[in-house]
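In the order they appear, the protein sequences are chains A and B. Residue 563 in UniProt numbering is what sits at position 563 of the first sequence, and the numbering runs on without skipping anything. Residue 468 in UniProt numbering is what sits at position 468 of the second sequence, and the numbering runs on without skipping anything.
It should be emphasised that the hints constitute simulated quantities derived from the structure, not laboratory data. None of the values given here were measured: they were computed from a predicted structure. Treat the hints with care, since some could be wrong.
Any copy will do: because identical chains look the same in the list, a pair fits if it lies in one copy or spans two.
Straight-line distance between alpha carbons at most 27 Å, and here's what the computed DSS-like set of lysine-lysine pairs gives [unchecked claim]: (1) K422 / K79; (2) K471 / K79; (3) K480 / K383; (4) K249 / K422.
2 protein chains.
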Amino acid sequence: MQNFKAPQRDTLFVTNELLGFEEHYQRLGFEDATDDLVKAIYSEAAKFAENVLAPINATGDEEGCQFNDGVVTTPTGFKEAYKQYVEGGWPSMSHPVEFGGQGLPYSLATSMAEWFSGANHSWAMYPGLSQGCMETLKAHGTPEQKKIYLEKLVEGSWTGTMCLTESHCGSDLGMLKCKAEPAEDGTYKLTGTKIFISAGEHDMSDNIVHIVLARLPDAPAGTRGISLFIVPKFNVDADGNITDRNAVKCGSIEHKMGIKGSATCVINFDAANAILIGEPNRGLNCMFVFMNMARIGTGVEGLSATEAAFQGALAYAQDRTQFRSMTGVKNPDGPADPIIVHPDVRRMLLTQKALREGNRALAIYCMQLVDITQYDQSPEAKKIAEAKLALLTPIVKAFLTETAQETTSYGMQVYGGHGYIKEWGMEQLARDTRICTMYEGTTGIQAIDLLARKIMGSKGELLKVFTSEIKAYCATIRDKQQFNHWSNAIESHVDEWLQMTNDIGLSAANNPDELGAASVDYLMYSGYVTVGYFWLKMAVVAQQKIDEGTSEVDFYNAKLQTAKFYFDRMLTRTRSLVSAINSGSENLMQMDAEHFYQG
Amino acid sequence: MQNFKAPQRDTLFVTNELLGFEEHYQRLGFEDATDDLVKAIYSEAAKFAENVLAPINATGDEEGCQFNDGVVTTPTGFKEAYKQYVEGGWPSMSHPVEFGGQGLPYSLATSMAEWFSGANHSWAMYPGLSQGCMETLKAHGTPEQKKIYLEKLVEGSWTGTMCLTESHCGSDLGMLKCKAEPAEDGTYKLTGTKIFISAGEHDMSDNIVHIVLARLPDAPAGTRGISLFIVPKFNVDADGNITDRNAVKCGSIEHKMGIKGSATCVINFDAANAILIGEPNRGLNCMFVFMNMARIGTGVEGLSATEAAFQGALAYAQDRTQFRSMTGVKNPDGPADPIIVHPDVRRMLLTQKALREGNRALAIYCMQLVDITQYDQSPEAKKIAEAKLALLTPIVKAFLTETAQETTSYGMQVYGGHGYIKEWGMEQLARDTRICTMYEGTTGIQAIDLLARKIMGSKGELLKVFTSEIKAYCATIRDKQQFNHWSNAIESHVDEWLQMTNDIGLSAANNPDELGAASVDYLMYSGYVTVGYFWLKMAVVAQQKIDEGTSEVDFYNAKLQTAKFYFDRMLTRTRSLVSAINSGSENLMQMDAEHFYQG
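Could you put the whole structure together from the sequences, leaning on the hints where they help?
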C-alpha cells in the first residue's frame, strides 16, 4: 500500500503563489500567520497525517466501530490519535483566543483538514463534526453557552455533532418530527430519534455536545417551525462541570459501504435536557452556518480522496511493468515497461492530477472567501466574498465529490484486478468517498441550491459577481499570447454560461421543472468552467515563475502540461453537458411514474 | 430491500420483437426451441433467480467465503443452490446432446445468465466459469478429453476454471512463468502459482477442472510459447472415475471490495498432473475461444447490475416521499410527493432504464451472432457474424461494464444516505459490479483490442461490416418521417465514426501512441453509437406495435419515451468524447514520468 503524503508543496503553490495568502493574512490582521509559521504548522500537520492517521486507516476500515448496548468503541488507535490531536492543539487552531483558541485563520485549519481526511477519512470526521458544532455555537450561542460548551470543544476534551436527519426526512427537513417541550426553568425536554449522526457516540471525548433540530409545541409546520438546541450527552452544571447522564442514547450504528471507522449513529432522545440556541423557529437559519461550512468540508473530503487515489495509482503505474511502450522499449533492463508509458494509463493519472490540483485551487479559494466573510473589515469586501461563497459552496461540495468518484475509480482501474483487493488500499478510498455525494445534501440538492436558490433567486446577480472576476482576469492577460487560446476558451464558456442561465430562466418561468431538469448538468458545467479558470491562472503563474528563472522548472512545467491536459480533455466535457441541458425537461417528465418498469 | 425480478418481458421484446429469435432458431435448426419452450424455460429461470439466488445474495456478501488450510467453504445456501441448478438441468442447456447436453442455443442460456447474475453476481460466477471451461474443451479437446471431462462438466457434477493470471502478469500474458515438464506417459507435470482464479476452490462440486496456461521447457519466449493444459483437482482414470488428489492446492483467497461470495483463489501447482489441450505453444489461441465468450459474459454481468440497480432505485423513488413537485402537489394525501416527481431523480432512473434496455439489445444481439458463428450452415453468414462479433466483443465487454458503474452509482444516489447502508442492497451492487471493468481484460485492454487489433488490424474492414448494417437499416426507414431526426443522428454519427477512425489511423502511422491516446474514449463513443442504433430500431418496432393496435400501449410508449431520452441526453455524450479523441496524444505523453508528483 502506498504511504499517504501530505501535499505540502502543492498547497503552498495555491495559497502563496496563486492566491496571495501572505498578503491576505496580513490584511485580515492575522499578524502571527507569517509564512514561516504557516510552513512550520504545515510540517507538523503533515507528520500527524502521515505518521499517526495514515497507519490506522486500513485497520480502522477492517475493524470498524463496535456497538454494544449504547456504547460505541472506535477502531484500535483512533482514541489515541485523537488524544495526540488534542495535545497538538489542532482543535483550537482557528478559534478565537477568548475561548481558548489560537486565533489563526479558518483557511489554515481547513487546508490541513484535507490532509487529515486524505490520510484517514473516517477518523477525520470526528474532529470535523466538532468544528461544525463550534461554528454554530460561535455564530448563535449566548455568552454563557459559549463559556460552558465552546471552550471545552475548542480545547478538544468534548466533541460535537449536528443532528438533522430523521428516518423519514433527509433532504426535506420541513418534515422533521423531533419535539422539544419547554421545562419550567427555561430549558427544554427533547424527544425523538435522529439517524445518520456521525460521531454521535464514541469513546474519544469526555462529553458529546449534540446540536439538534426539533420543533416547539406551537411551532408552525414546515421549515419555519424548526428550532435549534444543545443537547449534551452528559448534563453540565453552571460551572461547566459534568454532572449526570442526559437521556440521550445511541440506539445502533449503521453498517455501511465505507467510512467504517466513523460511527454513524441512531440517537434516541427521551425527554433529554435541551437548551435553545438562537431564536425559536429560526433553527434552520442558524443551521445554515454549519451547513455551508460542512459543505465546503465535504468538498474537501472529496479532494482528499482524489489526492490519495492519485498518489496510490501513480506509485503503482511507475512500479508495475506490463507490455512494452508502442513507441519502443523504455525500460530495457526490465521484462516490460512500467505501465505509466501507456497513454491510457496516463489519461487516468492526468485526470486525477488535473482534478487534484484544480479542485484544490477552487477549495482553497473558497476557504479564502470564508476568511474574508469572517474577518474582513471592509463591508464591501465582505459582501462580495459572501456572494461568491454562496455561489461556489454548492459547486465545491458537489463537483469535488462527484469528480472524486471518478478519480478513486481510476485509482482502482490503474491497478487492474489488484485494485479490487483490499490490501492495496484503493478500493477503500472508493468506498469511503462514495458517501460524499450523498451526505450534507446530495448532488441533486446542491444543484437545485445553485441554480434555483442562488442563481435564479438572485436574478443572476450571484453568478455575475463571479463571472465578472473571471472576465476581469482574462482581460489582464490579453497580452500573453501564449495563453490566448485557453483564455478565449474560458471567456467563451463564461458567455455560454450566462446565456444558458438566461435561457433556463426563461423556460423555467413557464415550467419550473426546467430547473431540476438542467440542474446537475448545469452544476457540473459550472464546476468545469470554474476549475478551468483556476487552471488558466495557475498556468500563468507557472510561466511567470519559469520566466523569472525558478529553480523548480520541473514543478512549473508540470503545471503547464497539466493545464494543457485540462483544457484539451476535461474542459471539453462541457460539450455534452450543454447538449443535455439544452434538451429541456420533456425527455424527463413525459413518462408516467407507473410505466418505468413493465417487466 | 427490493426483490429482484427477472426482466422476462423486456428480454422477450429484444429476442422476439427486435431480433426475430423465433425465425433465427428455426433457421439454425433448433427445431425444439419454439416460442412456447423458450417462454417455459424463461419462466423457470425467473423462478430460480428470484426464489433461490436472490435470497442468498446479501447473506453471501455478509458471510463471504471462508478459507481454512486449502479448503474453501462458500456462503450458506450457495452449495444447495448449485445442487438445485444441477437438478434443474441448467448447466447442460446449450451443450451438444452427444455430451449429455440439451442441444439448445447459446443465446438462450446466456440471456438467462443475465438474470442469475442480476440476482446474485457472486453465485453466478461458479457456473459461469464452468461454461468457459466447457467451451474451451468443446473447441479444442480431443474426443477422449471430451468424454472424460466435458460430460461431467455438462452434467454439473464437476466445475471448471480458467487459470491465466500470475502475480506479475495479468494483461501481459507473454510474461507468464508457470512450467509444464513432459512426463514419460505423454502427460505433463505442471508447476507454478496462479492468482485471481475465480471458483478455483469451493465446496459445490465433486471435482474442479482447471484449464491452465503454462510453458513447455523448450517454449519460445512471449505469447508464442504458451500452451494450454487440463489440470484436475482430483486425478481421473481412463473411465472418468476420480482416483486420488492431484498436487493442486488453494493457497489463499483474496479479500475483495465485493463479489465476496465468489472464491478468488491463489492456486499452487506442484508438479501437478496435466494434460495438453490443442497444439503445443498455441495455448493463447485456444484461450481466445474462452476469452471472447467470457468477455460477452462479463458485459452481461454489467447489464445485470444495471437491471438490479434500476429495479432497486425505481422502487425507492416511487415509495420515498420528500418535497413537493415544483409544478404542484402530486400526492395530496401524503406529507410530500414521491421523489420520482423530481426531474433529477428521473434523469438518474431514465439513465438506468435507457442502459438497461439499450445494453440488453446489444448484448442479446451479440449472443445471436455467437449462435450464427457456431451453428449457421452458411459460410458467408458465419463470416459476417464473426466479423461483427470480433468488433462488438470489446464494446459489449467494456461499455456494458463501464456504464454499470454509473447505473449502480445512481442506484445508491437515488436513495440518498440510505444508499450507503448495507441493508438496502444498493451498495453491494456497486461493489460487486466494480470488478467488471477490470477482470477479463480491463477497459483499457478492450479499447486497444477494439481500435488497434480489430479495427486498424483489419484496415477498417471490421468496422465497415457493422456500419454497413446500420446504414442499410437507416435507409429502410427513410419514409418514416417520425424517425428521421434520430435516424439522421445515427447516420451522421456513423460518418463521424468512420472519419475519426481514418484520422486516427493516419496519425497513428506516425505515432503509435495516438491509438492508446484515443482508445478508451473511442470505445465509449462506439458504444454510445451502437446502443443508439439499437434504440432507433427498438423505437421503430415499438411504433409499429402501437400502429398495429397492441394491447400493451404503455409498454411500447415507454420504449419511445426512453428512446427520446437516449437521443437527447445520452447519445450526445459523444460530443465530449470526440473533443477528447481529437485532442491527440501530446497532452498525455509530454510529461516526464518522474514529474507527475512533486509534493
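Now the hints, each set against the structure:
In the homo-oligomer, the alpha carbons of K422 and K79 lie at most 27 Å apart both inside one protomer (24 Å) and across protomers (26 Å), since each shortest distance falls under that limit. Taking the closest pair of Cα atoms, K471 and K79 never come within 27 Å of each other, the shortest separation being 49 Å inside a single copy and 66 Å across copies. For the identical chains of this complex, K480 and K383 are neighbours neither inside a copy (32 Å) nor across copies (58 Å), given an alpha-carbon limit of 27 Å. In the homo-oligomer, the alpha carbons of K249 and K422 lie at most 27 Å apart only across protomers (23 Å), although the nearest pairing inside one protomer, at 34 Å, exceeds that limit.
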